[in-house]
Every structure is written in C-alpha cells, then in structure tokens.
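Please put together the full structure from these sequences, using the hints given.
For the protein sequence lines, the chains are A and B, in the order given.
Sequential numbering of the first sequence, starting at 1228, is according to this note's numbering.
Sequential numbering of the second sequence, starting at 25, is according to this note's numbering.
Warning: the hint list may mix true and false statements.
Cross-link-like lysine to any residue pairs, in silico, SDA-like; alpha carbons within 20 Å at most [what the hints assert, rightly or not]:
| no. | chain 1 | residue 1 | chain 2 | residue 2 |
| --- | --- | --- | --- | --- |
| 1 | A | Lys1345 | B | Leu383 |
| 2 | A | Lys1347 | B | Ala359 |
| 3 | A | Lys1347 | B | Leu80 |
| 4 | B | Lys228 | B | Thr152 |
| 5 | B | Lys208 | A | Ser1501 |
| 6 | A | Lys1345 | B | Asp364 |
Source of the hints: derived by calculation from the structure; they are not laboratory data.
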Amino acid sequence: VNGLLTQSFLTALVAGGIVAAVPLMFTALGESVSERAGVLNIGLEGMMLLGAYLGFLGAYELHSEWLGFLAGVAGGLSGAIVMALLSVSMGLDQIVVGIAITLAGEGITSVLQQAQFKGKFPGLGNPATVAIPGLSRIPVLGHSLFDQPLLVYLGIGLLALVAWVFRTTSWGLNLRAAGEKPEALDAAGISVLAVRTYAVLTTGALAGLGGAYLAIVGANTFTPFMTQGQGFIAIVIAMLARGKPLWVGVSSFVFGICLSIGTALQLTSINISSDVISMLPYIAIMAALILFARGSYLPPALCLPYVRGGK
Amino acid sequence: VVAVALEAEATVDASPEPGARVAEPTRMARWWRTIVRSLAPVILALVAGGLLLLALGQNPVSFYVAVWQGGVESGGWQNSAVLMAPLLLIALGLIVVFRAGIWNLGYDGQYLLGAALVAGFGPSILATWPTPLAYAVLFLVAGCAGALWTLIPAVLKAWYEVNEIITTLMMSFIGVGVANILVKGPFQDHSVNIPQTRTIPFSKLLPNLSGTRVHVGVLLALGAVVVVHYMLTRTSYGLRLQVLGANPRTARHVGINVRRVIVSSFLWSGFLIGVAAAVDVLGLWAYVRANWNPGYGDTVIPFVFLARLNPLAVVPFIAFYAVLSTGGDLAAQQANLPTDFLLVLVALILLFMTVIEYLGRRRDLGQSYLTPGLKEALRRPLVRRRSAQ
Chain A
1228 VNGLLTQSFL TALVAGGIVA AVPLMFTALG ESVSERAGVL NIGLEGMMLL GAYLGFLGAY
1288 ELHSEWLGFL AGVAGGLSGA IVMALLSVSM GLDQIVVGIA ITLAGEGITS VLQQAQFKGK
1348 FPGLGNPATV AIPGLSRIPV LGHSLFDQPL LVYLGIGLLA LVAWVFRTTS WGLNLRAAGE
1408 KPEALDAAGI SVLAVRTYAV LTTGALAGLG GAYLAIVGAN TFTPFMTQGQ GFIAIVIAML
1468 ARGKPLWVGV SSFVFGICLS IGTALQLTSI NISSDVISML PYIAIMAALI LFARGSYLPP
1528 ALCLPYVRGG K
Chain B
25 VVAVALEAEA TVDASPEPGA RVAEPTRMAR WWRTIVRSLA PVILALVAGG LLLLALGQNP
85 VSFYVAVWQG GVESGGWQNS AVLMAPLLLI ALGLIVVFRA GIWNLGYDGQ YLLGAALVAG
145 FGPSILATWP TPLAYAVLFL VAGCAGALWT LIPAVLKAWY EVNEIITTLM MSFIGVGVAN
205 ILVKGPFQDH SVNIPQTRTI PFSKLLPNLS GTRVHVGVLL ALGAVVVVHY MLTRTSYGLR
265 LQVLGANPRT ARHVGINVRR VIVSSFLWSG FLIGVAAAVD VLGLWAYVRA NWNPGYGDTV
325 IPFVFLARLN PLAVVPFIAF YAVLSTGGDL AAQQANLPTD FLLVLVALIL LFMTVIEYLG
385 RRRDLGQSYL TPGLKEALRR PLVRRRSAQ
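In structure tokens, the structure reads:
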C-alpha cells in the first residue's frame, strides 16, 4: 500500500487521469446536449473516431494542433450531419442510424489511415502547455493539475458555459422541452426539428473535438479503433450526470482516473494484470448503474422521432 | 386465452406504423415489395462501396470479382458455409430479443466468454468423456455462460428500467476482459509462446459432412433456425415476445408477465450466442488466442433487420454476408486494404435500409417522399425558425 502514495505514482495518476478525462468530458458534454433534446446518440464512438482521424491528419499535415482540433470538429460534424438528416429530419430509428455511424466511423478511419500511411503510425510532438502561475508550483500535485494544454482550460470554461445556457437561457429551455414534451415546444411556435438538429450538430462537434484531443494530446498519433468504447462511456457519463454539465466534468475525471490507473501502476511495485485494469472503468460503470439504478434520468421523449400531429 | 391472443395480434398488426392505414395490396404485390425493399439497400451499398473503392484508387469491379472468386468458387463456398454457422446462431439470438423490443448489444462478451470456456475445458473433457456427451456438456456450458452474462442487464431492465443498450455494452467489455484473463490464466497452454488455450485434437472436432470441409455445426444452426422460427411464430411465447415488442403497455394490459418475458428473452439470446461460440470453436478454430475477437455481432445486425426479424428470411442474407466476408478478406488483402472496409459496407447497408424503409412507408401512404421538416430544412437550412414562424 505504501507504494501507492509515492509522488511519482500520484502525479502519473492525476496527470494521466486528466489526459484521459478531457476527451470523455467533451464527448459526454455533447451527449448531454442531445440527450436533453431527445436524441440518443449511439454514433458517438464513430464521431469521435472521425474527429480523431481528421484531427490527427490536420495537426500532422498543417503542423498546427489548433488546426487539428478544428479539423476534428469538422470530422465529428460530418457524422452528426448524417445523424441529423436521417434521425431528426426524416425521423428514422436513432439507434439503427447510430450503430451505422459507429460502424462507418470505425471502418472508414481504419481504411483511410491505411491508405494514407501504409501501415505506419507517425507521431506528433508534445503539445504546448500553459502553466497557471502560482498554482502550478504547489508541491506534489500542482504541476500535474495546473500545467495543461490551453484547450483543457477552455473545456472547463465550456462546461460552465453550457451549464449557464441550460440553466438561464431560452435556448436551454427549448432544448429541454424538445426532450421532455416536444408537443409543447411545437405549440409554443418553435420548431422541434430545428432545436434537435442544432443539438445533434453540437454533439457531433464536441465529440469530434474530444476525439481530436484523444489523438493529438492523448496518444500523439492515430491508430484505428483507438477510442475503445469511450463513446459509450461518454453516453453513460451523460446519463449518470443527469444532463448536469458540472457533474459531467466530475464523473469524466473519475472515469479518466480509472482509465489511467493501469499506466500509473506500472510505476509501482504492485503487479496486476493489464486485463483486470482495462476492465475497471466498465466495472465502475456497472457498479454505478446497479447502485444508482433509479438515479439515472432520461428525458421521456428520448429516442422518439417527433412527427407533428403524431400520436 | 385465444380471444386475448387474437386481440393482442390485432394490436400488433395495427401498431408498427402509427397513422398508417393502407389499402391491403395483393399477395404478389406484397411479396414483390418486400423483396425490392430488402435487396435494394444491399445493392445500393455495394454501389456506394464501389464508388469509395474508386476514390481510394482501386478498381471496384475487380474487387467484387475477387470477392466472388474467394467466397464461392473453387471451394470458397465451403469456407462461407462454415462461417454461416456462428453467424446464423448469433442472428437468432438477436432476433429473439429484438422481437421483444429489447437491445442486446453485448454479443461480443457473451460470444467470447463461451468461446474461452469451450476452448479451455474442451481438450480435457473431449479426451476423457464419450464424445457425444462431451459435445452436449460443452454446448451447454457455452450457452449458459452467454445466458448468465445477460442476467444483470436483464434484471436491471426488468425491475429498474435501466437502459439495456448501455448495460449490455458495458457487460460486453467486461466479458471480453474476463475471457482474456481466462485465456492468459487458467486455460493458457504453456507449451506455446503466444498466450492461447490448448488445442482440441483434429479428430475430436465436429465431424465434416462427407466429401466437404463443412462441419455438422452448420446443420445444427439451420436446425436451430427452424426451431426458433417455430417458437416465434407458432407458440404463445413467440406471441408474447411480439406483443411486448410492439407495445409494452398493451403487453401489461393483456396480462403478460412483462418482467419474466424480458428476462427470459435475454437468457435465450445469450444462450444462442454462447452456443454460436461453441459451434465455432468445436467446428473450426479448435483453440482461442488472447485478444482474439471475430466481431461477428456488429456485422450481423443489418441483416437481421433486412430479414425483418424473420428467422427463415435471415438465412439467405447471412449466406450473402458469409460470401462477402470470406471473399472480402481475400479481396482486401489483394487490394492492400484493411478488412475493416467490410465494416463500411455493412454501415452503408444499414443506412440505405433505413432510408428505403422510410421512402417505402411514404410511398405506401401516398405522400411525398420528403417530410415537411426535411423540405423546410432543404429550403432554409440555417434560418432561425423561431422568428420565422
């Protein structure tokens, strides 16, 4: 147990936890927007991969991580446009379309990666970080907590922004109405389909950004299937956070720690099989779902396409 | 009971498309419509996939010719037939739950757990016990492992209405991990460098049909298709599943024990997927390697929907995919593409399927193909609706 409290272990755990948590945070934040509006986005995994591939490609070809992040947003959006057209405008089954987007994202990024790089996995440099003066010099954890790429701080700002939009603006109210009682929103003279479309596009952009962060900052490269189910973890985080952005941040960090425990443990003398460790986040989620089975909340109109004048 | 059943069936017939009141077409026309709507997505996906190949600088015609050569000609059909056995059983497992309106997306974990157990216990059980008894036990072990792995999601769904898509997926990731731990731990064959289980001797694998490399597991899968079809269409249990799938409130109203049906359909689904693993390991692979995952389930899903959750209709679709997959692996190697290209084809089939279903429904109702929302979206994509209305 003493091995667990060394400084190197703690810094590796926290720093790795944040690196793993940021993609989850962006993606889960996006999912909570579209879940609020009544669209369950099973295609997140595919959108993350599209964002990761295009983000990596952008950063690699254009030599700028910011252009990479932008390309990642575009990648996520491309998946979201398909989702919005098919399951919002046309009202097709959200789950079937979502599965298709996930499969397409997995397949196409793997094919393109192979076509582009012929079996090589070129890396990127380490991204620049911004240290917060003062705080980053706190002993033990200061450096790993407060010396992050700029996007991390922006992401935390985004959490607050979305929380503010949800809580106080009419956009937030419209979103919630689209998921809780779309008829009421329609009766109030606001297009349900438009609200849901914007929600899905926001989700796609954020999932793409999350994927791009995973590739550019987390792995410094793109490998096929690199998300390994993080899109699904993000859905669960959004469900457990009940659509509250601040809880999205907290639970992303907890799951990020779960994901980074494996690497951190390699610095200690404790020897646990990597298979056990890679199962940890999923076991944590199942435990959370069993314990708080009645606590997770989903809007009543989730997964139901809105048809004006339908039953 | 009959009256209740008939009433329920009437509800089922009326409910799939709200607002759809269609003049009944003739039998021939209905057949024709079903065939067109099932085949069109496949053809469109192959065309779109061909365009993608062109964009990647490949020749789509020679790619598809290579698929045909590898999957059908010169004995390729035998490999395709062997691949059909696990695919069919997984398809049946999915049909059982999908009919009840439940999503079991945990097939990977259920399959791999079953496979790991069969490959782990197989060599010693087959060496000591009489072969038929050993087969029976191994099939049961794999089936029960698959069924057990659905139990937590089933109970959470039945009692607390926890979304089963999430729970089955999470259990799947855990199942894949447990299978890996089993293969690298208690079941590992230490005489080989790569972590894998001991190999079942060739003579103890499922016997082949005379003169071919096709094992009897394929017949077993086809038999299971008939049995499941009977169960779903000719028994009260099948009707209960269908009523639950069509409308859970109706199901409760006509006195169906909804919790029991949810749990039992999950268990059947997991059982069939576990048996698929047993057939595959005992018929084809003979051992399981660590981190091995054939990923059958993802690719089966579109064909289950195209067959309209009908076990008999799923057979030709699975045969088609088995050829595509067997030949596609070879064709992709020749073209120097990753085999993940097949995932793109499968995704395209799913997308075209939903679109064609939608167009067909609009056509049946005599309406325009475009919904008001879509028309509006095309006309004014980014205008703020709020001020416009």
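Handout entry: Enumerated hints in conflict with the structure, sorted upward
Key = Hint 1 alone not satisfied by this model.
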